[in-house]
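**Student:** Sequence:
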Amino acid sequence: MKLSTLLIIGSAALLSACQSSQPSLSDKGAQELGNIRHLCILTRTKDPNPGLNEKIAHALQQHGISSETVEVPANRQRLYEPECRYNLRYNSQGRGDKLNYISLLIRTPEYPVASLRAHPNFKTADQQAEVDQIVSRLLNKK
Numbered sequence: 001m002k003l004s005t006l007l008i009i010g011s012a013a014l015l016s017a018c019q020s021s022q023p024s025l026s027d028k029g030a031q032e033l034g035n036i037r038h039l040c041i042l043t044r045t046k047d048p049n050p051g052l053n054e055k056i057a058h059a060l061q062q063h064g065i066s067s068e069t070v071e072v073p074a075n076r077q078r079l080y081e082p083e084c085r086y087n088l089r090y091n092s093q094g095r096g097d098k099l100n101y102i103s104l105l106i107r108t109p110e111y112p113v114a115s116l117r118a119h120p121n122f123k124t125a126d127q128q129a130e131v132d133q134i135v136s137r138l139l140n141k142k
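Position 50 (the sequence shown) corresponds to 50 in my numbering; numbering is contiguous.
If you are wondering where the hints come from, they were derived from the structure by calculation, not from laboratory data.
As the structure is a computational prediction, the values presented were derived from the model and not from experiment.
Even glycine gets a Cβ: it sits at the ideal position worked out from N, Cα and C.
Be careful, since some hints might not be right.
[What the hints assert, rightly or not] Label pairs and their in silico Cβ distance ranges:
(1) Lys-142 / Gln-77: 32 to 38 Å
(2) Tyr-111 / Asn-91: 16 to 22 Å
(3) Lys-123 / Pro-73: 29 to 35 Å
When you get a sec, could you build the whole thing from the sequences and use the hints?
**Tutor:** Below is the structure:
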């Protein structure tokens with residue numbers, strides 16, 4: 001009985017830690033996030049949420065970070081040029097108001113800088129405001 005209770009409590013604690021809305025930062029991540037002035041946002045070939053990259057770009061702009069969209073299949077070399085030192089990759093599950101999660105990763109060609117997996121509430125909140133909050137957390141601003 002005690003063992004099963006401990007297993008349930010341990011599993012719940014582990015699950016809640018995995019669903020944290022705090023960004024995962026690399027060793028120099030916090031320092032590097034403050035230095036980012038431009039990001040290249042990678043497009044997805046089969047994006048179930050078209051327009052999400054524009055919402056992310058708008059959220060970045062509020063933090064003084066300019067961005068450009070890079071189509072990876074057609075322009076992969078662009079990611080290795082100095083202007084695209086930092087790139088942002090995103091993934092999502094669900095569509096429109098039924099978005100289950102957004103996963104964001106900022107990286108350089110050599111290593112990851114910061115990542116975050118968030119569960120937006122698009123049903124009751126303004127989508128842009130929700131993406132703004134998620135990007136703020138990714139950038140370690142909130």
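**Student:** Work down the list of hints and note, for each, if the structure agrees.
**Tutor:** Going through the hints against the structure:
Between Lys-142 and Gln-77 the Cβ separation comes to about 35 Å, which falls inside the hinted range of 32 to 38 Å. Checked against the given bound of 16 to 22 Å, the beta carbons of Tyr-111 and Asn-91, roughly 19 Å apart, stay inside it. Roughly 33 Å separates the CB atoms of Lys-123 and Pro-73, a value that falls within the hinted 29 to 35 Å.
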